[in-house]
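Chain order of the listed sequences is P and C.
Reminder that position 139 of the first sequence reads as 139 in this note's numbering, one-by-one numbering, no gaps.
Reminder that position 42 of the second sequence reads as 1042 in this note's numbering, one-by-one numbering, no gaps.
Keep in mind that the hints were calculated from the coordinates and are not lab data.
Positions of the beta carbon are idealized from the N, C-alpha and C atoms, including for glycine.
Treat the hints with care, since some could be wrong.
Derived coverage of chain C by chain P (criterion: at least 3 residues anywhere in the stretch with Cβ under 8 Å from a Cβ of chain P; other residues may be distant) [claimed, not checked]:
no.: 1; stretch: 1043 to 1054
no.: 2; stretch: 1059 to 1072
no.: 3; stretch: 1280 to 1287
no.: 4; stretch: 1298 to 1305
Quick list of simulated restraints, FRET-style, between CB atoms [stated by the list, open to error]:
no.: 5; chain 1: C; residue 1: His1033; chain 2: P; residue 2: Ala34; range: 55 to 65 Å
no.: 6; chain 1: C; residue 1: Ala1065; chain 2: P; residue 2: Arg165; range: 25 to 35 Å
no.: 7; chain 1: P; residue 1: Glu77; chain 2: C; residue 2: His1264; range: 35 to 45 Å
no.: 8; chain 1: C; residue 1: Asp1235; chain 2: P; residue 2: Gly56; range: 35 to 45 Å
no.: 9; chain 1: C; residue 1: Pro1230; chain 2: P; residue 2: Ala164; range: 42 to 52 Å
no.: 10; chain 1: C; residue 1: Ala1042; chain 2: P; residue 2: Lys103; range: 39 to 49 Å
no.: 11; chain 1: P; residue 1: Leu196; chain 2: C; residue 2: His1007; range: 51 to 61 Å
Read off the chains here:
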Amino acid sequence: MGGSLTVSVTSTEDPNAAEEADLVAQIAAGDVEAPVAELYRRYGKRLYRFGVQALGDNGLAEEMVQESFVKLWRSAERFDAQRGSVGAFLFVIARSTAADIRKRPSSRPLVPVEETQVPAQPDSVDQILDSLIVREAFETLGPGHAQVLQLAQEEGLTQSQIAARLGLPLGTVKTRTFHGMRTLRAALVERGFHAL
Amino acid sequence: MPYDVKHVLDHAEVAGWVLGVLDPDDARDFQAHLLGCDQCQAAVAEFEPVAQGLKHAAPAVEPPADLAAKTLAAVQHAILAGRAPKAAPAPKAAPAPKAAPAPKAAPAPQPAPARDAALDKATRLDIIRPQTGPQPEPDRLTPEKAKAGKASRWWHIHWSGPLLPAATALAAAAVTAAAFIAVQTLAFAAPAVAATFSLQAPHDKAASGTATVRHHDGGWEIQLTVDHLPALRSDQFYECWYEGAGNRPGHPDLITAGTFVVNHSGNGTFTMWSAANPAKFKTMQITAEQPGDTSQQGAVLLSGTARGLS
């Protein structure tokens, strides 16, 4: 295996693309600390969440993030901004790293011999991407909208229960839920959520 | 199909309907309304995939606050081990019977297929964007901080006692490495463990620690984890020591392995570097110290004896 990493060429225009490509170029040139710190600031949480979803373990997700940035350093010279964004480059690395970690015997949970189980298969990359999109879109909501949706979705409360919990009129809960869903939908559209 | 927002807002139950959280009376009334209202039907059609997506949203997990530092340290460690991006080998294993096999250089990421659907999404649809909002700043590595001997995360080494002349060459290399290694590192293909320490507190049962020591070309790497150490004054810091067999009051036989500070819970994991061979300095101690006298002044808060010496 050799040659450059192939990344999808259908890149969006991204004002940060040139900036991030420059960060990778700095890493390739040996100036590591500040560019790695900045790229971590931009992508670390997303990569970590991907790792948690892909590997099902916080510790392994941490390992994946660290190894991904080491691999980024090792392959920085081969990054070609014409072929794709730094974010996609990192994501490809993370996906490969997660696959490697999954294969390691040390990554498998210790179970007694008599209780062998088929390890749970991780969600597909596409499913994980979708779940990350939704989480990040949700995090753009204002607190009022986020709160009512979270109580509805995660705690299964009825709207009158939500109103009682938050000390709000029922009508307010209804309209916040409505506007929250509209705002969330717009955020998902912006992020290319495939189901819309 | 676009819908009349003003009309649908008069029937804001539509969102609760899609989420399945309407109270029974509202659900019954809205269902009856929905049968004859194409505006609300359009709104339901728009909201349903949103509700489905919400059911499968990734958990709102946050990375550990120290992951930034760990990540930077991992890269720095790889640089030190590999010396050059193209070589990029993992640290060499010590020549020991139980040494791990020679580590392979990490392979380049697998080339993506020409049309990887998930990657198309990531790239074309720009979901991978820089994060906004306040992010924890990674600690800044500066040799100056290490040299200043301030009570900080930055560990330093100093030598005392009879070993100073013999350790000078190793200390120089170790200090250079120390200036570029952050608090926590990841050993991708670590040498075999040379010794472990289980650190116990003589009085404070809550405090504890473990240390794993691995031999590298330049000395011994110590991976130290401590839990529930007591809070210190702002001018104090913790120091890790190796104690030799001859250590007694007035006749110290100690080598420092480094200094550190812990988080507000009294916990932390640190990587340190020492020229002290755990086979000869078999006791590890943690004390609380302050700048000034470089000898061990504080009471021993944790201690343990080397096990599994190889």
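Each hint tested on the structure:
{"no.": "1", "hint": "1043 to 1054", "result": "holds (count 8)"}
{"no.": "2", "hint": "1059 to 1072", "result": "holds (count 11)"}
{"no.": "3", "hint": "1280 to 1287", "result": "violated (count 0)"}
{"no.": "4", "hint": "1298 to 1305", "result": "violated (count 0)"}
{"no.": "5", "hint": "C:His1033 / P:Ala34: 55 to 65 Å", "result": "holds (58 Å)"}
{"no.": "6", "hint": "C:Ala1065 / P:Arg165: 25 to 35 Å", "result": "holds (30 Å)"}
{"no.": "7", "hint": "P:Glu77 / C:His1264: 35 to 45 Å", "result": "holds (41 Å)"}
{"no.": "8", "hint": "C:Asp1235 / P:Gly56: 35 to 45 Å", "result": "holds (44 Å)"}
{"no.": "9", "hint": "C:Pro1230 / P:Ala164: 42 to 52 Å", "result": "holds (44 Å)"}
{"no.": "10", "hint": "C:Ala1042 / P:Lys103: 39 to 49 Å", "result": "holds (48 Å)"}
{"no.": "11", "hint": "P:Leu196 / C:His1007: 51 to 61 Å", "result": "violated (22 Å)"}
The structure is inconsistent with the numbered hints 3, 4, 11, although it conforms to all the rest.
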